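Listed below, chain by chain, are the residues.
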Amino acid sequence: MKLLLIAIIVAATTVGEVLQAAGMRRHGEIRDFRPGALGRAAAVLARNRFVIGAVAAMAVSFFAYMGLLTISDLSFAVPATAVTYVLETVLAKYVLKERVNWLRWAGAALVVCGVALVAL
Amino acid sequence: MNPETARLRVKTWICAAMVVFTNVFGNFFLKRGMPAHLAPLEYITVLFQPWVALGVLLLIVWLISRMALLSWADLSYVLPVTSVGYVLVALAGKVLLNEQISGKRWTGIALIVAGVALVSGGTAPQTAHRQSDAAMAGAHR
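Top to bottom, those sequences are chains A and B.
Position 29 (the first sequence) corresponds to 508 in our numbering; numbering is contiguous.
Position 123 (the second sequence) corresponds to 182 in our numbering; numbering is contiguous.
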């Protein structure tokens, strides 16, 4: 049951966050932070298919996470997020075509080791 | 560092700080209000419990500020930089909930901080999406 929930969380979070990044990339940089302009940006984003998919996937992930928190320790639940971290960096390179240089790989590796130490 | 790069970097740090802050306190309040046992129907009713509601509200702000940040910054930049939240959650546990932090955890926290420093100090927030930015990103690699 725990492993099933973790699998759901990892899959849904990874898909959701990559879709979110792809959707926001298409939207372009938000430069105007006044409330009216943010409202207009939100209205545009609400029709963005990538963003809709991202919110749906992250809602699935959120409820699965709530379920996991009730049946396991926080220190067991957190390593699952470290797995999404690796998957997302790989997808950032191959799906989003970002230039992941060695500094970013090194930083990502350090963070994963750190998360494992903190959480396990 | 040209003015455009400096502008983007300041904006990135402000927005990243907001992402981290709302994530840490959102999760903290969610954890604080969450009961030890949850029946299937209570998944909805628990959302109206005051601490949980505050946590969910902060996590909505987290989602929005993360989307704003991703509108200009790379995912492979945002991931490590916002992971400083793991450190702050551990510190919040120590300060606010009197949890013990072992030597192993402090080592982990130090590794996370080192990773964040490498990525945020060593690479530009944005690499190659738009033509005007390609030259700028090139200068930073």
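Hints are computed from structural coordinates only; laboratory data are not their basis.
Since we're looking at a predicted model, the values are computed, not measured.
Idealized CB from N, CA, C, for every residue including glycine.
Where hints are given, some of them may not hold.
[Said to hold, decoys possible] List of simulated lysine-lysine pairs, DSS-like, C-alpha gap at most 30 Å:
no.: 1; chain 1: B; residue 1: Lys163; chain 2: B; residue 2: Lys153
no.: 2; chain 1: B; residue 1: Lys163; chain 2: B; residue 2: Lys90
no.: 3; chain 1: A; residue 1: Lys572; chain 2: B; residue 2: Lys153
no.: 4; chain 1: A; residue 1: Lys576; chain 2: B; residue 2: Lys153
no.: 5; chain 1: B; residue 1: Lys163; chain 2: A; residue 2: Lys481
no.: 6; chain 1: B; residue 1: Lys153; chain 2: A; residue 2: Lys481
no.: 7; chain 1: A; residue 1: Lys481; chain 2: B; residue 2: Lys90
[What the hints assert, rightly or not] Derived list of chain A stretches under chain B, where covered just means 3 residues or more per stretch with a C-beta under 8 Å from a C-beta of chain B:
no.: 8; region: 491-499
no.: 9; region: 503-511
no.: 10; region: 539-548
no.: 11; region: 579-590
How the hints compare with the structure:
1. Lys163/B x Lys153/B: Roughly 15 Å separates the two Cα atoms, so the pair holds.
2. Lys163/B x Lys90/B: This hinted pair holds, its Cα atoms lying about 23 Å apart.
3. Lys572/A x Lys153/B: violated, 36 Å
4. Lys576/A x Lys153/B: The hint is violated at about 40 Å.
5. Lys163/B x Lys481/A: Holds, at about 25 Å.
6. Lys153/B x Lys481/A: holds, 27 Å
7. Lys481/A x Lys90/B: holds, 18 Å
8. 491-499: holds (count 3)
9. 503-511: holds (count 6)
10. 539-548: With 5 residues in contact (Cβ-Cβ under 8 Å with chain B), the coverage given for the region 539-548 of chain A holds.
11. 579-590: It holds, with 10 qualifying residues against the three required.
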